[in-house]
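S.K.: Go ahead and model the full structure; you've got the sequences and the hints to work with.
Chains as they are written, first to last, in the working numbering: chain A, 26 to 287; chain B, 26 to 287.
Treat the hints loosely; a few may be bogus.
Intra- or inter-copy, both count: the list cannot distinguish identical chains.
[What the hints assert, rightly or not] Straight line, CA to CA, 20 angstroms or less: simulated EDC-like cross-link-like pairs of lysine to aspartate or glutamate: (1) K181 / D149; (2) K181 / E241; (3) K114 / E241; (4) K181 / E266; (5) K181 / E69; (6) K262 / D166; (7) K262 / D137; (8) K49 / D149; (9) K210 / D131; (10) K49 / D108; (11) K262 / E69.
If you're looking for bench data, these hints aren't it; they were derived computationally from the structure.
Being a predicted model, the structure only gives us computed values, none of them experimental.
Each chain is listed here by its residues.
There are 2 protein chains.
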Amino acid sequence: MTAPMEITASSNKRIKHLMALIQKRKARQEEGCFVAEGEHLFAEVPDRLLREIYVARSFYQSSREAVDGKDKPVYVLEDRLFDKVSDTKSPQGILCVAAVPQWDADQLISLDAPLFLLLDEIRDPGNLGTMIRTGEAAGIDGIWLLPGCADPYQPKVVRSAMGALYRVPVLEEKPDELLRRWKDKGIRLYGSSLDASLSYDAPDYRHPTAFVIGNESRGISDEMLSQCDERIIIPMKGQVESLNAAIAASLMMFEAARQRRM
Amino acid sequence: MTAPMEITASSNKRIKHLMALIQKRKARQEEGCFVAEGEHLFAEVPDRLLREIYVARSFYQSSREAVDGKDKPVYVLEDRLFDKVSDTKSPQGILCVAAVPQWDADQLISLDAPLFLLLDEIRDPGNLGTMIRTGEAAGIDGIWLLPGCADPYQPKVVRSAMGALYRVPVLEEKPDELLRRWKDKGIRLYGSSLDASLSYDAPDYRHPTAFVIGNESRGISDEMLSQCDERIIIPMKGQVESLNAAIAASLMMFEAARQRRM
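M.R.: Below, the structure is given as C-alpha cells:
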C-alpha cells in the first residue's frame, strides 16, 4: 500500500489531469480512462478497472478504511478543492479514475442469440445512462454507439448508468462494417418508426436481435431505417407524438426479456 | 380581441404575478393556474384552459398570428424581460398562463375497467412529467398523487409532460379515503417490491387496475405495500439494484396496454 498523497493547490498537475478527464472527451480517449464519482460508483468499481482514488480530507478522516485496502494511489484533497473538482451538486467526498472497459466485439457478435441495442445519435447523457442501466436489468448483451452519440464516459452518463457502465459492454463503432457483420451472423435489426404497422410485441425476439434507437428529436434516420429488417411501432393512445428514447428502448428490451423468460 | 399590452419593467405587477406562478406552488394553488412555456405547449393548450399569453417583442413581431386569434389577453414583453421571466435555458419567446384542469374523481373511479397510476412520494419533476407523458401513450385513465409528490404544475414537470398534462387526469388526494373507494369498486392495487415473486407480466390487468409507484430512493413504503392486493416484481438481470421510477411505471403501464389490446 502506498501512503496517501496530499494535494492542496488547484494548480497541482494531478488536479489538472483530473479536471481534463472530467471535462474533455479527448483527454478520456487519449488516456483510456474516465472519472466515476460518489460512494456508490466507487464501491462498485471492479479492481481490474480502478486506477486512482481521490478523496476529500474530511471523507478520508472519517472513512479511510474505504480506500486504504485498495492498493491504488490515494490522493487527499482539501475539502474546498475537492468540491471545486467535483461534477456534482452535493459532492460525497470520493471519486476515482477508472479504465474504460474493453470488450471483444467478435465474441459478443458470436453469442448464441444476442440481444443488442444500437444507438444512433442519442445526444442526451441522462437518456444514454438510463439505457445502459436499464439494459443491464433487461439482460442486454451489448450496447453499440454509432458516431454522433453522447460520450458514454462523460460524468452525467456515468452517474445515470449507476455502475452498469462497468458491466454492460458498450462499444463505439461505425455502422457499415458493423451491420455487415451482424447480417452475416443472422442478427435481425428492428427499428421503431411511427409509420410502421407491426406492433413491437409481435416479432419473436428469442432469435438474435438488435433494437435501433434513434435521435431524441428526429428518430431513426431514413438511411438507418432502410437497413432494418423490420419496422416496429409501440402503439400509443392519446395525442402523444413520441415516447422518450430511454422509455422506448426499455419497453423493447423488456419485451425481449419477457419472451426470453417464457 | 383585446389589443396587446406592452410591459417593459420587471416591477410591473403582471410580471410579479407571473413569476409567482412559475416559482411558487402556493401561488399556483391559490389561483388554480400554472405556466406553460414554449411554442409546443402553447400550441397544444386547449382554449377552455387558456387564460393569458405572454410573448417576447421579437416573437410578437415575427409570429403575431400565433396569438392574435386567441381572444385572450396578450402581454408583449421586452425580449430581455421575457428572458428574465423564462424558466428555460433557451427561451422561445412565448408562454401562457393556463387553468389547472379539473377532473371528476367519481366519474374516473366508475369507469368500466380503469387503469390508474398511484404515485407515492415521487419527488423528481422529470420522472413525474415523463410518467404523465408515457401514461397518456399507454392509455392511463388517471394519475393520482399522494401527499409528498412533486407539484405536477411546476415548470419542469409541465415541460417533461409535453402537453399530456392538459389531457391526462392528474388528481391529488389523501390515501385513506381514496383506497377505500377504490376497493369498493374492485380496483386491484399492484405494488412492485424487490421481495415479490410474482412477475409483473403475470396478473390479468384487463380488470380494474392501479399500479403504485414509490419514492425514487426508498421504493413503496411498507404501509402502502400492505394495502396492495398483489406485490409484483420486474425481473432484473445483472447487478442493477432497481429501475428508474419512470421506467418501472412505463413497463407496468405498457404491459397492461399490451394485455388490453389482445
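S.K.: All the hints need checking, so say for each whether the structure fits it.
M.R.: Each hint tested on the structure:
1. K181 / D149: both (9 angstroms within a copy, 16 angstroms between copies)
2. K181 / E241: both (17 angstroms within a copy, 18 angstroms between copies)
3. K114 / E241: Between copies only: 18 angstroms across, 26 angstroms inside.
4. K181 / E266: between (27 angstroms within a copy, 19 angstroms between copies)
5. K181 / E69: within (17 angstroms within a copy, 32 angstroms between copies)
6. K262 / D166: between (31 angstroms within a copy, 11 angstroms between copies)
7. K262 / D137: between (36 angstroms within a copy, 18 angstroms between copies)
8. K49 / D149: Only inside one copy: K49 and D149 sit 16 angstroms apart there, 29 angstroms across copies, limit 20 angstroms.
9. K210 / D131: within (11 angstroms within a copy, 56 angstroms between copies)
10. K49 / D108: Answer is within; shortest intra-copy Cα gap is 19 angstroms, inter-copy 30 angstroms.
11. K262 / E69: between (40 angstroms within a copy, 16 angstroms between copies)
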